[in-house]
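Visitor: Here is how the chains run, residue by residue.
2 protein chains.
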Amino acid sequence: MSTGYHVAVVGATGAVGTKMIEMLERTTLPISKMTLLASKRSAGKTLVFNNQSIVIEELTADSFEGVDIALFSAGGGISKVYAPEAVKRGAVVIDNTSHFRMDPEVPLVVPEVNAHALAQHKGIIANPNCSTIQMMVALEPIRQKVGLKRLIVSTYQAVSGAGAKALAELAQESADLLAGKQPEELSPAILPAGSDKKHYPIAFNALPQIDVFAEDDYTYEEWKMINETKKIMEDDTIQVAATCVRIPVFSGHSESVYIETAEHADVAAVKQWINDAPGAVLEDDPSQQIYPQALNSVGKTETFVGRIRKDLDVANGLHLWVVSDNLLKGAAWNSVQIAEALHQQGLVHV
Amino acid sequence: MSTGYHVAVVGATGAVGTKMIEMLERTTLPISKMTLLASKRSAGKTLVFNNQSIVIEELTADSFEGVDIALFSAGGGISKVYAPEAVKRGAVVIDNTSHFRMDPEVPLVVPEVNAHALAQHKGIIANPNCSTIQMMVALEPIRQKVGLKRLIVSTYQAVSGAGAKALAELAQESADLLAGKQPEELSPAILPAGSDKKHYPIAFNALPQIDVFAEDDYTYEEWKMINETKKIMEDDTIQVAATCVRIPVFSGHSESVYIETAEHADVAAVKQWINDAPGAVLEDDPSQQIYPQALNSVGKTETFVGRIRKDLDVANGLHLWVVSDNLLKGAAWNSVQIAEALHQQGLVHV
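These protein sequence lines map, in sequence, to chains Z and E.
FYI, UniProt numbering numbers position 276 of the first sequence as 276, with every residue one higher than the one before it.
FYI, UniProt numbering numbers position 340 of the second sequence as 340, with every residue one higher than the one before it.
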């Protein structure tokens, strides 16, 4: 490349796609041309990138001619079909869906944790699940110092992770209940999982189901956190237990994370490691009621960590409260960071 | 007593007090007279009990003359002063505040778990913390069969636990944000803890602080869950770790509970034990998306348990999702159940 890369965003009109465009405006990656791709329905509409109006094109295999980097966020089915087509035409694909994540040929990357894995890429790099990414940013600095034996996480996930329609559903249900409607008068159609049989209200509720159910009565979201953690940290011996819950928050995932480290870690030292870690921000001062909050995380690319304290009974046990904007570090920003890392490592052209 | 007990409710106009009156309408306890007590501000107003209009009286020490059973829910300061006055006048006090809970002279009772502890009472019985109670109902049937080595709980607590003003705050903030206000334009004054220095929005947010902070950077709410669990289960060796979080739900606490049992427990057996346990309702069928939900728990006295599944790595590890109406089983209903148990055991008059 001479003056910059030709970048394409697949799913440009979606909740994550629009954030990818925003994050590409913030990146240091040199961009010479931007192509926005979506379904036929959105083709012809325009979106603004760096004050320039860009006409959305319909996604076809040939859309990728000349593209250097393609960011995908249009569902697993689209990635399955079109990511290989993009690679065939010389693009590097950064895929935000779960489709390729557990493929042993595909690096699964949180740049703060395992940017080195990019060197093995064969054209496709997977962006991990939102709730996994922020947990990795918080735990990697601890793992590097004292090792990680096990983790048990309970999530408090925002609705934006389920897309734009889910956001509208939360807003409408909230307004209806505030206006005096009864829960049984609502008509949920998206949450907990658009593709599942039953739907439940999310407004003023907590739903212990994200994505559909899979083996052993775990949801796919829970399986993602378990499997992706082991892959990203390159350690199958870490014991990972997860319970994933949707709560009535528009954006910003929170996580109650319990860990047991391999060696003892002092709380003060852990705070220092988090403070010094790339991408992580320590927000932890109980005397001043300082701790991470979902509402404060919106629009920010960092992962906020607080409520760090030792288990009172178990020697190497620690609690953490981890919050990040699920659409940014959990999706769009991590994808753009992967593109930056590929550029820095000279890995855009295979 | 001949035809029934003279019952008094202290704090009759509060969020819990009004529910106590409702629950006393559902009880089998024989009641001959009802006295409703509150602050001077509410004295003279009327409330209905069993279709009978009752004038609220101002709380004084002499209010307890002739009272057999007094249910307190007007704050720890009121209990501290007036519970001994009630006992002095021959009443048995069932106190819903935290004031007497850890007093070794005071039984701390969840009737499904330790009704036998009532026999030792010296006039005051403490009602445990809301989040502790529902967890005890869910875990006791498991503990009885296979023992309980440790538990790690993350809570998703409703706003009604912070009182009527907190409910109004959630409603107002929700409406304001839906109308387009920015979070920084809100004026939170109650949550996370009315008595604390700073206040934060709860609408579309998650606050990892319930009550004020105490030793070791744990909140009092977390300390309550830890200490009360050990006292109720009469076992100081159970390892308890807790993270307590407020979420934008009006009523109905949810809990992600991870346990390790002393002996191995089959998931199918655990489900059967929960199903057979008093006060617990099994709601657990992932294939039909059946699991407990806060919104469904409102107005019900049972504790709902689901998402029961084994840890994939740790032999005796189990996950549960536990939901109950925090104002009922978590407060008013448990207090009334204690009164019923005292009656059944012939312990109302000491």
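Please keep in mind that the hints were generated in silico from the structure rather than gathered at the bench.
Certain hints may be false.
The list makes no distinction among identical chains, and a pair is therefore deemed to hold if it is satisfied within one copy or across any two copies.
Here are the computed lysine-lysine pairs in the DSS-like style, where the Cα-Cα straight-line distance is at most 30 Å [what the hints assert, rightly or not]:
| no. | residue 1 | residue 2 |
| --- | --- | --- |
| 1 | Lys33 | Lys230 |
| 2 | Lys300 | Lys181 |
| 3 | Lys181 | Lys310 |
| 4 | Lys88 | Lys40 |
| 5 | Lys149 | Lys310 |
| 6 | Lys122 | Lys271 |
| 7 | Lys149 | Lys33 |
| 8 | Lys197 | Lys88 |
Visitor: Hints first: check each against the structure and report whether it holds.
Guide: Hints versus structure:
1. Lys33 / Lys230: neither (36 Å within a copy, 64 Å between copies)
2. Lys300 / Lys181: between (35 Å within a copy, 19 Å between copies)
3. Lys181 / Lys310: The answer is neither: 44 Å in one copy and 38 Å across copies each exceed 30 Å.
4. Lys88 / Lys40: within (23 Å within a copy, 80 Å between copies)
5. Lys149 / Lys310: This pair counts as both: shortest intra-copy Cα distance 15 Å, inter-copy 18 Å.
6. Lys122 / Lys271: neither (38 Å within a copy, 47 Å between copies)
7. Lys149 / Lys33: neither (46 Å within a copy, 60 Å between copies)
8. Lys197 / Lys88: Neither. Shortest intra-copy (37 Å) and inter-copy (60 Å) distances fail the 30 Å Cα cut-off.
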